Amino acid sequence: MIKYASDDLVVSAAPHVRTRLRVPLVMWVVSATLLPAIAWAGYVFGPWVLVVTAAAVLAAVVTELAITLLLRRPQTVSDGSAFLTGLLVACNMPATGWGVLPLYVPVVASIFAIAVAKHAFGGLGQNWINPALAGRIFVFFAWLPAMTGGWAGSPAFDVVSSATPLNLLKFQSGMMQDGLQAGSQAVLGMRLAPSHGDLFLGLTPGCIGEISAAALLLGGLILILLRIVNWEIPLTYIASTALFSWIFGGLAMTGQAPSFFTGDPLYHVLSGGLMLGAFYMATDWVTTPVSFGGRIVFALGCGILTVLIRLTGSNVEGVSFAIVLMNITVPLIERMFVPRRFGTSEGRAA
Amino acid sequence: MHPRDIGLDTMSSPIRNAFLPHYLYIPLQQHIGSPAEAVVAPGDVVSRGDVIGKASGYVSVNIHTPLPGKVIAVQDHVTATADRVPTVVIEVEGRFSLKGQVSRQTDAWKSLSRDEIISRMKEHGLVGMGGATFPMHVKYSVPADKKITTLLVNAVECEPFLSADNRLVIEHGEDLVTGIEIALKALGVNRAIIGFEADMPEAVARMRGLVANRSNIEVLVFPVKYPQGAEKQLVKAATGLEVPSGGLPLDIGVVVSNAGSLVALKEAVVDNKPLFERIVTVTGDAVEKPGNYKIAIGTRVADVLAEVGLKKKPARIIIGGPMMGLAQYSDQVPVTKGTSGILVLSARRAAVYRHRPCVRCGKCMTVCPMGLVPLLLVSRVELGMDDEAKKHGLLDCIECGCCSAVCPSERHLSQAIKLGKLRHVAKKREAAGD
Numbered sequence: 093m094i095k096y097a098s099d100d101l102v103v104s105a106a107p108h109v110r111t112r113l114r115v116p117l118v119m120w121v122v123s124a125t126l127l128p129a130i131a132w133a134g135y136v137f138g139p140w141v142l143v144v145t146a147a148a149v150l151a152a153v154v155t156e157l158a159i160t161l162l163l164r165r166p167q168t169v170s171d172g173s174a175f176l177t178g179l180l181v182a183c184n185m186p187a188t189g190w191g192v193l194p195l196y197v198p199v200v201a202s203i204f205a206i207a208v209a210k211h212a213f214g215g216l217g218q219n220w221i222n223p224a225l226a227g228r229i230f231v232f233f234a235w236l237p238a239m240t241g242g243w244a245g246s247p248a249f250d251v252v253s254s255a256t257p258l259n260l261l262k263f264q265s266g267m268m269q270d271g272l273q274a275g276s277q278a279v280l281g282m283r284l285a286p287s288h289g290d291l292f293l294g295l296t297p298g299c300i301g302e303i304s305a306a307a308l309l310l311g312g313l314i315l316i317l318l319r320i321v322n323w324e325i326p327l328t329y330i331a332s333t334a335l336f337s338w339i340f341g342g343l344a345m346t347g348q349a350p351s352f353f354t355g356d357p358l359y360h361v362l363s364g365g366l367m368l369g370a371f372y373m374a375t376d377w378v379t380t381p382v383s384f385g386g387r388i389v390f391a392l393g394c395g396i397l398t399v400l401i402r403l404t405g406s407n408v409e410g411v412s413f414a415i416v417l418m419n420i421t422v423p424l425i426e427r428m429f430v431p432r433r434f435g436t437s438e439g440r441a442a
Numbered sequence: 125m126h127p128r129d130i131g132l133d134t135m136s137s138p139i140r141n142a143f144l145p146h147y148l149y150i151p152l153q154q155h156i157g158s159p160a161e162a163v164v165a166p167g168d169v170v171s172r173g174d175v176i177g178k179a180s181g182y183v184s185v186n187i188h189t190p191l192p193g194k195v196i197a198v199q200d201h202v203t204a205t206a207d208r209v210p211t212v213v214i215e216v217e218g219r220f221s222l223k224g225q226v227s228r229q230t231d232a233w234k235s236l237s238r239d240e241i242i243s244r245m246k247e248h249g250l251v252g253m254g255g256a257t258f259p260m261h262v263k264y265s266v267p268a269d270k271k272i273t274t275l276l277v278n279a280v281e282c283e284p285f286l287s288a289d290n291r292l293v294i295e296h297g298e299d300l301v302t303g304i305e306i307a308l309k310a311l312g313v314n315r316a317i318i319g320f321e322a323d324m325p326e327a328v329a330r331m332r333g334l335v336a337n338r339s340n341i342e343v344l345v346f347p348v349k350y351p352q353g354a355e356k357q358l359v360k361a362a363t364g365l366e367v368p369s370g371g372l373p374l375d376i377g378v379v380v381s382n383a384g385s386l387v388a389l390k391e392a393v394v395d396n397k398p399l400f401e402r403i404v405t406v407t408g409d410a411v412e413k414p415g416n417y418k419i420a421i422g423t424r425v426a427d428v429l430a431e432v433g434l435k436k437k438p439a440r441i442i443i444g445g446p447m448m449g450l451a452q453y454s455d456q457v458p459v460t461k462g463t464s465g466i467l468v469l470s471a472r473r474a475a476v477y478r479h480r481p482c483v484r485c486g487k488c489m490t491v492c493p494m495g496l497v498p499l500l501l502v503s504r505v506e507l508g509m510d511d512e513a514k515k516h517g518l519l520d521c522i523e524c525g526c527c528s529a530v531c532p533s534e535r536h537l538s539q540a541i542k543l544g545k546l547r548h549v550a551k552k553r554e555a556a557g558d
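Protein chains in written order, with this note's numbering: chain A, 93 to 442; chain B, 125 to 558.
I should point out that these hints are in silico values taken from the structure, not numbers from a laboratory.
Any given hint could be a false lead.
Okay, the calculated bits of chain B under chain A, using three or more residues with CB under 8 Å as the criterion [stated by the list, open to error]: (1) 366–374; (2) 446–452; (3) 478–484; (4) 494–501; (5) 533–546.
Non-contacting residues of chain B with respect to chain A, defined by C-beta distances greater than 10 Å in every case (computed) [to be verified]: (6) His146; (7) Val198; (8) Asn314.
Please read these numbers as outputs of a predicted model, since none were measured by experiment.
Note that beta-carbon positions come from the ideal geometry of N, C-alpha and C, so glycine has one too.
Using the sequences plus the hints, can you model the full thing?
Structure representation (C-alpha cells):
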C-alpha cells in the first residue's frame, strides 16, 4: 500500500478531466501547417522570402516579449500566438527577389500587429481585428509601391516577373483606372493570365503565403480534421466567392458583351489570398463569431465583399479588407444568433 | 460532448462485496433537507438495519446502520460536501441478524396501498441515488395539481468512468423490474421508460429480456454522450419534451428515478431492507483493483482504498465522477447514500489548470446541453454583474462541466458559474434575513 498524506491531495472544483486541445498547442500546430506554403514560396521565388519571414516572426516575438515585460504581464511568448502572428504577417508580404522588399516593411507590420492591434486592446483574446491583417493593411498604405511592385519571377520555374494573377485580371478587364498598380503596368500585355494549374501550384507571382493554393488547402484540411479550424467558414467563404465571381465576373470582362454567369470562379478561388484568408485569417477564433449561424453569415459577408472589391474596387485584392470589414460586424452578427436556452423560447436557433 | 475513455473501464467488473470496516462513520445528513436526529447514544449496542437517526420533518429520511456494533460517539465529522455533519461513530462487532439479508421475489407487496409504499420510502431512508439524494417519498408524493403520465428510469450512467448502474441492471435486473412496478403503483401511473446508453449492450439485452412480456415498460437506448444521464437531457431524449426553465420534470408529467434507487425501493418494500449499503464504482489510475463494490454506508474512503489497493500515489480523491465529482482534502470522508463513485487519480491525471484568457473559440457554447453561452456568462460572473449573468441563464446551468472540459484556454468556466450560483443563493438568504 502506497503511503500518502492529506497534503498530497489537490482540491479543486469539477470537472477534473479535460480534453487535450490547448491554446499553445493550437498556435504551434497552425504555425506548422503554414510552413509548407512558406517553404514552397522560398523554393519558387528564392531565399529573400525566408529572410522576410524570419524578420516578421522575430519582430512579432520581440514585440510580444517587450510588451509583456513592460506591462509586467505574464510572459506569453511560449503560447505561440505571437509567432503565428509573425508568420501570418510574412504570408501577407509580397514574394520578391533578393533585397527588393525592404525588411522594415514586415518588421513594422509585425510591430503594429502585436503592439497596436493586439496589446493595445488588452492582449490575446481581446482584439477585435485580426492582428496580422491589421499589420498588413497598415504597411500596405504606408509603403504602397513596396507592397505592390517588384513581384518576383521565379529562378526555379518559368514564372515571369510580372503582375499578380489578379492584376492581370483587372488590367484585362480595363477597369484599372487610378494608376495604383504603376509597377505592374509595365508588364501589361506581356503575359496572359496564368493557367488554373499554375495558380493551384503557386507558380505565379503573389504574396509569400498566398501563391500556392495546394499547400494552403492541405494545411487547412489538416486543421479542420484536428477540429482546430471549423469547416463552415472556409467552405462558405470559398463557395460564396466562387458563386459571386461566376455570377458577376463576366460583367467586368472586356472583349465580350457584359453578361451575367460568365465569370471564371476557379480563377478567383485559386488566386490572390483567398485560400490563406479562408483557412487562416477568417477562421481566427478571436475575431470571428462563436455560433455556427454567425460564422455562415460572417463568411458569406467575406465572400461578397471580396468579389465586390476585386471586381469594382481600386485595389486588385479584396480578401484582407473583406475580412477586416467583417471583423467589425462580429458583435452585431453575434446578436442575431443567440442560442435558444433549454426549456425556454428565448433566443434563436444557434 | 463525448469524453474519451481513459482506460478506467469497469463496465465488466462484477459487483463485489467490500470487506467490513472496523469503524463506521455514519453522517446523519446524507440527503437534501433537514438532518436526521440521532436516536442512539455512546454505549448503545445496535444491530444491522437499526434506525440510528430519525427523520426530522417532512423533507428528511431515517438513517440506519449497515452493521452491528457499539456506538462510541456522536460527533461532527467531515463528509464529501466538506461540511462538518453530526455523525454516529460505530465500532463494528457482534453478529449479523438475517434482517435484510434475503432477497426475495414475492407478490406480497401488491397488497400495500400507495400511502403505505410512500411511508416505507421515508422509513427505510430512500433517497435518489444518482447523486442528488432528494428524499424519495417527497418526489413520489406528487401534488394534486400535477398529472403524471410516465415514470422514467435512469439507467444511463451519470458520469464517464462510472459503471455501477450498468452492473446493477445486469446482476439485479429482476429487482429493478419489481422496483419499477412498485414505483408505478406509488405514482398511480402505468407507463415506464428505461433509458440506457448505447455502450451498455449487456444491460440492455438483459432488461429487454425481462420486460418482453410487459407492454407498459419500454426500453430505450440513447447515443453515448455526456451528459445523457442528466435529468433534463434524459427526459428530452426519452419524451421529446423539455423541462421548462426553473421547472421540474413533474411539470411535464414525468417522474425520473435512478435505477439504483428503484432497486433500493424493491429491497425496502419486498425484503424490508433499509438503504444502508450501495454499489460504488471505485476506479482511477492510482487504484490497483478497480471495480464495482457493494459498500456499507459509513465506510471511510481510507478503508475502501486499503481494500482496493493503490499502485500510484494519489493526488486527487474524488467522490462522484470526473465531471461533477467533489475533490476531497481528507480520506476520512465516509461513503454515503449519494456516493456513486470514488475516483483516485495520480498526479499525472490530476493536472492543475491555468485559466488563460478566452480566445472565443466557441467550443463551450457548442457543448453546453442547456443552450447557454458560457464565455459570456462567465465574463458577467467575473465582473460581479450577477443580474446580467442571470439574464444569460446563470440559474439554468446544470453544472455538468462540459464547458470547462473542452476549453482550450483551460478556463474555469463551470467553476465560475457555480460560484455565481452560490453568490445568488447567499444574496437571496441575506434578503430573506436568514
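Verification of the hints:
1. 366–374: n = 6 at 8 Å, threshold three: holds.
2. 446–452: holds (count 7)
3. 478–484: holds (count 5)
4. 494–501: holds (count 5)
5. 533–546: holds (count 6)
6. His146: holds, 16 Å
7. Val198: The claim holds: Val198(B) sits with its nearest Cβ about 24 Å from chain A, beyond 10 Å.
8. Asn314: holds, 27 Å
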